[in-house]
Amino acid sequence: MSLPRKVKFSDPLAYFGRNITTGLFRLGELIQIYLKSFKAIFFKTIFWKNTIIQMEQIGIRSLPIVSIFSLFTGMVFSLQLAKIFSTFGLSSQLGQALTLAFARELSPVLTGVVVAGRVGSSIAAEIGSMKVTEQIEALETMSTDPIDYLVAPRIVAAGFMLPVLVTYANLIGIIGGVVVATIYASIPPTNFADGVLTFVTFWDFIGGLIKALFFGLIIAGVGTYKGLYTENGAVGVGKATTEAVVVATIIIFIINYFLSMMLYNL
Numbered sequence: 045m046s047l048p049r050k051v052k053f054s055d056p057l058a059y060f061g062r063n064i065t066t067g068l069f070r071l072g073e074l075i076q077i078y079l080k081s082f083k084a085i086f087f088k089t090i091f092w093k094n095t096i097i098q099m100e101q102i103g104i105r106s107l108p109i110v111s112i113f114s115l116f117t118g119m120v121f122s123l124q125l126a127k128i129f130s131t132f133g134l135s136s137q138l139g140q141a142l143t144l145a146f147a148r149e150l151s152p153v154l155t156g157v158v159v160a161g162r163v164g165s166s167i168a169a170e171i172g173s174m175k176v177t178e179q180i181e182a183l184e185t186m187s188t189d190p191i192d193y194l195v196a197p198r199i200v201a202a203g204f205m206l207p208v209l210v211t212y213a214n215l216i217g218i219i220g221g222v223v224v225a226t227i228y229a230s231i232p233p234t235n236f237a238d239g240v241l242t243f244v245t246f247w248d249f250i251g252g253l254i255k256a257l258f259f260g261l262i263i264a265g266v267g268t269y270k271g272l273y274t275e276n277g278a279v280g281v282g283k284a285t286t287e288a289v290v291v292a293t294i295i296i297f298i299i300n301y302f303l304s305m306m307l308y309n310l
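Residue numbers (my numbering): 45 to 310.
Keep in mind the hints are simulated off the structure, nothing from the lab.
Treat the hints with caution; some may be incorrect.
In the EDC-like style, the derived pairs of lysine to aspartate or glutamate whose C-alpha atoms are separated by at most 20 angstroms in a straight line are [claimed, not checked]:
{"no.": "1", "residue 1": "Lys-83", "residue 2": "Glu-184"}
{"no.": "2", "residue 1": "Lys-283", "residue 2": "Glu-170"}
{"no.": "3", "residue 1": "Lys-283", "residue 2": "Glu-73"}
{"no.": "4", "residue 1": "Lys-93", "residue 2": "Asp-189"}
{"no.": "5", "residue 1": "Lys-88", "residue 2": "Glu-184"}
{"no.": "6", "residue 1": "Lys-127", "residue 2": "Asp-238"}
{"no.": "7", "residue 1": "Lys-80", "residue 2": "Asp-189"}
Pairwise CB distance ranges, derived in the manner of DEER restraints [to be verified]:
{"no.": "8", "residue 1": "Ser-230", "residue 2": "Lys-283", "range": "50 to 56 angstroms"}
{"no.": "9", "residue 1": "Lys-283", "residue 2": "Leu-71", "range": "15 to 21 angstroms"}
{"no.": "10", "residue 1": "Arg-62", "residue 2": "Gly-277", "range": "21 to 27 angstroms"}
{"no.": "11", "residue 1": "Ile-109", "residue 2": "Thr-131", "range": "33 to 39 angstroms"}
{"no.": "12", "residue 1": "Gly-72", "residue 2": "Lys-93", "range": "28 to 34 angstroms"}
{"no.": "13", "residue 1": "Lys-88", "residue 2": "Arg-62", "range": "39 to 45 angstroms"}
{"no.": "14", "residue 1": "Met-305", "residue 2": "Glu-73", "range": "23 to 29 angstroms"}
{"no.": "15", "residue 1": "Leu-57", "residue 2": "Val-120", "range": "46 to 52 angstroms"}
{"no.": "16", "residue 1": "Met-305", "residue 2": "Ile-227", "range": "34 to 40 angstroms"}
{"no.": "17", "residue 1": "Ser-111", "residue 2": "Ile-299", "range": "23 to 29 angstroms"}
{"no.": "18", "residue 1": "Ile-227", "residue 2": "Ile-75", "range": "48 to 54 angstroms"}
{"no.": "19", "residue 1": "Leu-68", "residue 2": "Ile-128", "range": "43 to 49 angstroms"}
{"no.": "20", "residue 1": "Gly-72", "residue 2": "Gly-282", "range": "22 to 28 angstroms"}
All C-beta atoms in this analysis are idealised placements derived from N, C-alpha and C, irrespective of residue type, glycine included.
All chains, please: the whole structure from these sequences, using the hints.
Okay, here's the thing in structure tokens:
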């Protein structure tokens with residue numbers, strides 16, 4: 045099955061119809077990659093050694109950049125709100141506001157975008173390079189399924205490590221917020237803790253981790269898809285890398301809206 049033929053913008057209906065058809069076609073290909081990956085997990089044909097390696101690549105090596113983003117986001121969030129909350133006698137509410145913002149939205153979304161930029165591009169570039177140099181075909185010649193060897197390990201690793209990174213981001217961001225609130229606005233850490241313990245529930249954190257799971261699957265799935273369908277040599281690899289980051293980031297923001305509505309009954 046091939047993509048619909050190209051049409052010129054001078055025929056608007058045909059142009060938009062082709063774009064819609066192409067989008068649905070590519071969505072079907074992406075879903076097929078997920079189904080094949082889940083099949084590899086279910087039938088235990090996945091290369092688990094590669095999965096462990098990818099967990100290190102996606103999780104451990106993302107810790108420095110996630111630390112910087114989370115720490116300074118928590119600090120600037122607290123910097124903006126600490127004085128206001130303190131002035132109106134709502135210092136205990138700062139802990140609630142910061143923790144809810146991080147647990148529900150900031151940590152999952154920021155971590156997802158950061159990992160999409162770092163890992164999604166890397167996955168697309170690596171698999172894309174293998175595609176244009178015919179290493180994918182070489183794997184198939186050796187009776188090794190590229191899904192089992194390349195795709196499924198990355199999807200599993202990303203789905204597992206993103207919630208871990210988000211948990212870490214929550215901790216770092218909240219610590220940064222507490223430090224700034226204490227030094228800048230003289231809000232006692234006990235007031236901060238009271239707001240967290242009183243208003244924040246365990247589900248607020250679990251919802252963020254569920255988001256992170258979906259974001260990890262999106263990042264790895266889009267990255268591997270763009271890599272597997274790379275064409276035109278080095279130029280195609282660069283294009284696939286850029287598209288992997290852009291598409292994954294857009295999907296993350298879109299799906300985050302619907303997950304927020306469903307998880308938190310908004």
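Regarding Leu-57 and Val-120, is the given constraint of 46 to 52 angstroms on their beta-carbon distance met? 48 angstroms Cβ-Cβ, so the 46 to 52 angstroms window holds.
Starting from the range 21 to 27 angstroms, see whether the pair Arg-62 and Gly-277 falls in it by beta-carbon distance. 25 angstroms, holds
Would you say the C-beta atoms of Ser-230 and Lys-283 sit inside 50 to 56 angstroms of each other? 53 angstroms, holds
Consistency of beta-carbon spacing, Gly-282 to Gly-72, with hint 22 to 28 angstroms: 25 angstroms, holds
For the pair Leu-68 and Ile-128, does the Cβ-Cβ distance stay inside 43 to 49 angstroms? 48 angstroms, holds
Holds or violated: are the alpha carbons of Lys-88 and Glu-184 at most 20 angstroms from each other? Judged against 20 angstroms, a Cα distance of about 18 angstroms means the pair holds.
Kindly confirm whether 33 to 39 angstroms is satisfied by the beta carbon distance between Ile-109 and Thr-131. For Ile-109 and Thr-131 the Cβ distance comes to about 35 angstroms; the hint holds.
23 to 29 angstroms was suggested as the range; check whether the CB atoms of Met-305 and Glu-73 agree with it. With a Cβ separation near 28 angstroms, Met-305 and Glu-73 satisfy 23 to 29 angstroms, so the hint holds.
Does 39 to 45 angstroms hold as the CB distance between Lys-88 and Arg-62, or does it fail? 41 angstroms, holds
Is 28 to 34 angstroms respected by the C-beta to C-beta distance linking Gly-72 and Lys-93? 31 angstroms, holds
Are Lys-283 and Glu-170 close enough, with their CA atoms no more than 20 angstroms apart? 13 angstroms, holds
Does Asp-189 sit within 20 angstroms of Lys-93, going by the straight-line distance between their CA atoms? Holds, at roughly 15 angstroms.
The structure fails none of the hints (numbered hints given earlier).
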